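First to last, the sequence lines map onto chains U and P. In this text, residue positions in the first sequence follow the numbering used here: the first is 12, and each later residue adds one. In this text, residue positions in the second sequence follow the numbering used here: the first is 35, and each later residue adds one.
For the record, the hints were derived by calculation from the structure and aren't laboratory data. Just so it is clear, the structure is predicted and the values come from calculations on it, not from any experiment. Treat the hints with care, as some may be off.
[Stated by the list, open to error] Simulated coverage check for chain U against chain P, where a stretch passes if three residues somewhere in it have a Cβ under 8 Å from a Cβ of chain P:
#, region
1, 61–70
2, 154–160
3, 175–188
A virtual CB, placed ideally from N, CA and C, is assigned to each residue, including glycine.
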Amino acid sequence: MTQTRSLIDENGKRTDGRTGDQLREIRITVGVIKNADGSAFIEFGMNKIVAAVYGPREVHPKHMALPDRCVLRCRYHMVPFSTDTRKNPAPSRREVEISKVIREALEPTLMLEDYPRAAIDVYVEVLQADGGSRCAGITAASVALADAGISMRDMVSACAAGKVDDRIVLDINDTEDKEGDADMPVAYMPHLEQVTLLQLDGILNEDQFNQCLDEAVIGCKMVYEVQRKALMQKYFHNETELKEEQ
Amino acid sequence: MQEIRRKYVVPGDRIAEGNFRTLFNVIRVGNSIFATRIGIAEAGREGVKVIPLSGIYIPRVNDIVIGKITDHSSLSWEVDINSCFSAHLPAQDVFGRDFSPARDDMGRELATGDLITARIIAFDRTRDPMITIQDKDLGKIPRGEFIRISATRVPRLIGKRGSMIQTIEYATRTRVLIGQNGIIVVTGRDLEGIKLAVRAIRMVEEEAHTANLTQRVKSLLGVSDSSLSDTPQVAQPQIGELQSAIQEVDEELNGMEGGEKV
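Could you build the full structure based on these sequences and the hints that come with them?
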């Protein structure tokens, strides 16, 4: 890729003023869609994404049902006004792929065998895109699943790391994604310490790969804190223990 | 006796470490026990569990549920019980063993849209639940105000030994039928009373996990503590059956309210 400008200035600041190990600002609101069983709205930098979960519910068409476990269906979609030039609302090749990787990132955490012959539908709708939308989508979907009361082994937090101007940086934004050297989205279960998604676009050597993965896992742990806080706020107004009634 | 600690948890939170029994909504990974749902975690002598605060209704045998007839085939009715599985009510349950699809008109007995109180007689992972209406206090519900709440809030709405629901019924002069699946039917002569009861039920649903809820419900209903001493201690016969079936779950909660009684 031809690099036209420096993405990190002499003070070590990136195009949006962050240092190499800083995340963009994250805000999560739980329960924004009343019609859904669980939902979440995430603002991850300039990304604005709604995730809604329906189910477990009856499977239609019925032949899709599995006798021993639940079917997980995910749909990642970008609305036409989410990018600067209009995006065709028909599912693109990229959206089909991201729908699949989101499903596979969430599947290991869900206890699907608890709901045989049923289906869980996860809708991730990108209202405004700014690089790293699959990570933000997974993060929001995980909160929405917890809000829906579906049994989960752990939360799933996602964050990308990458290589920009030969430096490993956390949470790649849109410009760095397009003009940088490598982008590595990672989804991670923070308590079980397991990776559920790892993609890599670009070239890294072994040291860089390890450094990138470590950096992304640290990012996921920071994202998890925001997820947890959002759920605690919605359900318990940030209290941690039940106060006994007298 | 070991003290029971109650902590608010989200999925993945570590509740306890060590040799505890895992009861429900928890998993063991190595030596640690993690929550699998949002709720109130209890680590006590009998084991570790999480009382969930969200989620759909999963049928259990002997649960009393309120359902809506959605369709019927020649041999059974299909009933929506607010779950991911729709229940089946066999026609023989209503017409007796000599039921004949050619002779008996199923639509006349129970039409699509009718509400019924039923008991779950069979359910496992492989089949949809089967229900019956052949029992005391089961059958068609003729009238009432229909409310749908989360099934996870039902034990809180009933309260310890039925205290919460009795308070609501007594103060609003209504009858409240509660299904374990979160469907509620409120009946009464007085429209204002029904409206007030619905508001109280909604309040319990929204604030189920908070402390001193009974006090707030009482102040919403405008009843003082002293006037409640007149509350009948025995539940009205119509809902008596329902409440005894629900008692089991109530005891599971094991005094979320900390010794609160009417």
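*How does the coverage statement for the region 61–70 of chain U fare against chain P, requiring three or more residues with Cβ below 8 Å from a Cβ of that chain?*
Contact hint for the region 61–70 of chain U vs chain P: holds, 4 residues under 8 Å.
*Cβ contact check, 8 Å cutoff: the region 175–188 of chain U against chain P, three residues minimum*: Result for this restraint: violated, n = 0.
*Quick check: the region 154–160 of chain U, covered by chain P? Criterion 3+ residues, Cβ under 8 Å.*
It holds, with 4 qualifying residues against the three required.
The structure is inconsistent with hint 3 alone, although it conforms to all the rest.
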